[in-house]
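*Asks:* Given the coordinates of chain A, assemble chain B onto it according to the supplied hints.
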Amino acid sequence: EVQLVESGGGLIQPGGSLRLSCAASGFTVSSNYMSWVRQAPGKGLEWVSIIYTGGNTYHADSVKGRFTLSRDNSKNTLYLQMNSLRAEDTAVYYCARDLPGCWGCFDYWGQGTLVTVSS
Amino acid sequence: DIQMTQSPSSLSASVGDRVTITCQASQDISNYLNWYQQKPGKAPKLLIYDASNLETGVPSRFSGRGSGTDFTFTISSLQPEDIATYYCQQYNNLPLTFGGGTKVEI
Numbered sequence: 001e002v003q004l005v006e007s008g009g010g011l012i013q014p015g016g017s018l019r020l021s022c023a024a025s026g027f028t029v030s031s032n033y034m035s036w037v038r039q040a041p042g043k044g045l046e047w048v049s050i051i052y053t054g055g056n057t058y059h060a061d062s063v064k065g066r067f068t069l070s071r072d073n074s075k076n077t078l079y080l081q082m083n084s085l086r087a088e089d090t091a092v093y094y095c096a097r098d099l100p101g102c103w104g105c106f107d108y109w110g111q112g113t114l115v116t117v118s119s
Numbered sequence: 001d002i003q004m005t006q007s008p009s010s011l012s013a014s015v016g017d018r019v020t021i022t023c024q025a026s027q028d029i030s031n032y033l034n035w036y037q038q039k040p041g042k043a044p045k046l047l048i049y050d051a052s053n054l055e056t057g058v059p060s061r062f063s064g065r066g067s068g069t070d071f072t073f074t075i076s077s078l079q080p081e082d083i084a085t086y087y088c089q090q091y092n093n094l095p096l097t098f099g100g101g102t103k104v105e106i
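Going down the list, the sequences are from chains A and B.
Those letters in the first sequence? Residues 1 to 119, by our numbering.
Those letters in the second sequence? Residues 1 to 106, by our numbering.
Treat the hints with care, since some could be wrong.
Computed cross-link-like contacts, DSS-like style, restricted to lysine-lysine with a CA-CA straight-line distance of at most 27 angstroms [to be verified]:
1. K64/A - K75/A
2. K43/A - K39/B
3. K42/B - K43/A
4. K43/A - K64/A
5. K43/A - K103/B
6. K103/B - K45/B
7. K75/A - K45/B
8. K75/A - K42/B
9. K103/B - K42/B
10. K45/B - K43/A
11. K103/B - K39/B
Interface residues of chain B toward chain A, partial, derived using beta-carbon atoms under 8 angstroms [what the hints assert, rightly or not]:
12. Y32
13. N34
14. P40
15. A43
16. Y49
17. L54
18. G68
19. D70
20. Y91
21. L94
22. P95
23. T97
24. F98
Cβ pair distances, simulated, as ranges [said to hold, decoys possible]:
25. G15/A - S60/B: 44 to 54 angstroms
26. R18/B - R19/A: 22 to 32 angstroms
27. T56/B - N73/A: 22 to 32 angstroms
28. T53/A - S60/B: 16 to 26 angstroms
29. L54/B - T57/A: 27 to 37 angstroms
30. G65/A - P80/B: 40 to 50 angstroms
31. F27/A - S76/B: 26 to 36 angstroms
Everything labelled a hint here was simulated from the structure, so no lab data went into it.
Even glycine gets a Cβ: it sits at the ideal position worked out from N, Cα and C.
Chain B with its partners taken away, still in its complex shape:
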């Protein structure tokens, strides 16, 4: 199974700050990497697919990059509504696996 290691597990930032989360795969997954946002009590929401493609309707302050084993997710200017837990997920092969999550607080 492919292990996805996310860091940090939590962070605190101010409104307007640039926030970066990293995700490392245990083996090469090309660009088969998604990022999700999950707010408390809600289902996850797809933000980024194929490592860098912004899902329809997602604000442009969210971005992703990377390939192979190392990926980053960035919020260019943190907004109050971005408070959530963010997960990376690989879909290079089964079983699909998620990172442990990064809780973003203000």
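Chain A with its partners taken away, still in its complex shape:
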């Protein structure tokens, strides 16, 4: 059974750093495109970052230069390193797997982890 479990969220001061983890089971992270999508409280969905099977990563302009996406194949885990956090980064962060054969189609999502940036 495919499962994604995020962790690492919490309350952080503006300018701080946080690393989110997404532990996968039931499939191999490195064999799939994987993304992070966030949702600010009461707002819609915003795509954040993607990592391709080859390891290339791309980010939304809103986080470019501040967020880094990586994976640990031995742990089958995806990471989102978030630096220079701002109040507008406050959101529930979901990791999501691309439907095989349909990049950009998220067929499995984690339960989400809440990041609150506030002093």
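*Replies:* Relative to the frame of chain A, chain B by itself:
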């Protein structure tokens, strides 16, 4: 960036009603369009991909159509469990972008 405009932003319908949501892209995205359902406090769920393909396990009362810039999502007979917010999303190119959502109520 490709802007996705969804309408209406909310609607109220009765059980058994046919419900239609529209999504317009700011440029041609071919059929690279998905529809998701999100219930309160839950992660989104993929319903339709490639504009019209029903994801495995999704009831057939859900359907999608369209190509280019104009797309529609339909629930043929609204059920109580369909109460949720629905989002369209384009994957023609990066950044991936979502519509603003349509909240469906009974």
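*Asks:* Now, for every hint given, state plainly whether the structure supports it.
*Replies:* Verification of the supplied hints:
A threshold of 27 angstroms between alpha carbons decides the hint, and for K64/A with K75/A the separation of about 26 angstroms falls inside it, so the pair holds. Among the hinted pairs, K43/A with K39/B is consistent with the structure: their alpha-carbon atoms are about 13 angstroms apart, no more than 27 angstroms. Distance hint between K42/B and K43/A is fulfilled; the C-alpha atoms sit about 14 angstroms from each other, no more than 27 angstroms. The suggested pairing of K43/A with K64/A holds, with an alpha-carbon distance near 21 angstroms, which does not exceed 27 angstroms.
Between K43/A and K103/B the alpha-carbon distance is near 12 angstroms, which keeps this suggested pair within the 27 angstroms criterion. The straight-line distance between the Cα atoms of K103/B and K45/B is roughly 15 angstroms, inside the 27 angstroms bound, and the hint therefore holds. Restraint check for K75/A and K45/B: satisfied, since their Cα atoms lie roughly 26 angstroms apart, inside the 27 angstroms limit. With a CA separation close to 26 angstroms, the supplied pair K75/A and K42/B stays within the 27 angstroms bound.
Between K103/B and K42/B the alpha-carbon distance is near 14 angstroms, which keeps this suggested pair within the 27 angstroms criterion. Of the supplied pair hints, the one linking K45/B and K43/A holds, its CA atoms being roughly 17 angstroms apart against a limit of 27 angstroms. Restraint check: the Cα-Cα separation between K103/B and K39/B comes to about 10 angstroms, which is no more than 27 angstroms; the hinted pair holds. Annotation: interface hint on Y32/B holds; nearest CB of chain A at approximately 7 angstroms, less than 8 angstroms.
Checking N34/B against chain A by beta carbon gives a least distance of about 5 angstroms; that is within 8 angstroms, so the hint holds. For the restraint placing P40/B at the interface with chain A, the shortest Cβ-Cβ distance is roughly 11 angstroms, beyond the 8 angstroms limit, so the hint is violated. For A43/B, the suggested interface contact is upheld, since its CB lies about 4 angstroms from the closest CB of chain A, less than 8 angstroms. The beta carbon of Y49/B comes within 4 angstroms of a beta carbon in chain A, closer than 8 angstroms, and the hint placing it at the interface holds.
A hinted interface residue such as L54/B counts as satisfied when its beta carbon comes closer than 8 angstroms to some beta carbon of chain A; here the least separation is about 12 angstroms, so the hint is violated. Interface restraint check: G68/B against chain A, minimum CB-CB distance 17 angstroms, threshold 8 angstroms, status violated. For D70/B, the shortest C-beta to C-beta distance to chain A is roughly 19 angstroms, which exceeds 8 angstroms, and the interface hint is violated. Among the interface hints, the one on Y91/B holds; its C-beta lies about 3 angstroms from the nearest C-beta in chain A, closer than the 8 angstroms criterion.
At about 5 angstroms, the closest approach between the beta carbon of L94/B and any beta carbon in chain A falls short of 8 angstroms, and the interface hint on this residue holds. The closest approach between the C-beta of P95/B and any C-beta of chain A is roughly 5 angstroms, which is under the 8 angstroms cut-off, so the hint is satisfied. Because the closest C-beta pair between T97/B and chain A is about 7 angstroms apart, less than 8 angstroms, the hint holds. Residue-level restraint check for F98/B holds (minimum Cβ-Cβ distance to chain A is 4 angstroms; threshold 8 angstroms).
The hinted window of 44 to 54 angstroms between G15/A and S60/B holds, with their beta carbons roughly 50 angstroms apart. Evaluation of the 22 to 32 angstroms hint for R18/B and R19/A yields a failure: the beta carbon distance comes to about 46 angstroms. The hint said 22 to 32 angstroms for the Cβ distance between T56/B and N73/A, and at roughly 27 angstroms that hint holds. Range check, T53/A to S60/B: Cβ separation about 33 angstroms, and the 16 to 26 angstroms hint is violated.
Checked against the hint of 27 to 37 angstroms, the pair L54/B and T57/A passes, with Cβ atoms roughly 31 angstroms apart. A C-beta distance of roughly 46 angstroms is found between G65/A and P80/B, which places it inside the suggested range of 40 to 50 angstroms. The beta-carbon spacing between F27/A and S76/B, approximately 32 angstroms, falls within the hinted interval of 26 to 36 angstroms.
Taken one by one, the earlier hints fail for this structure at numbers 14, 17, 18, 19, 26 and 28, listed in ascending order.
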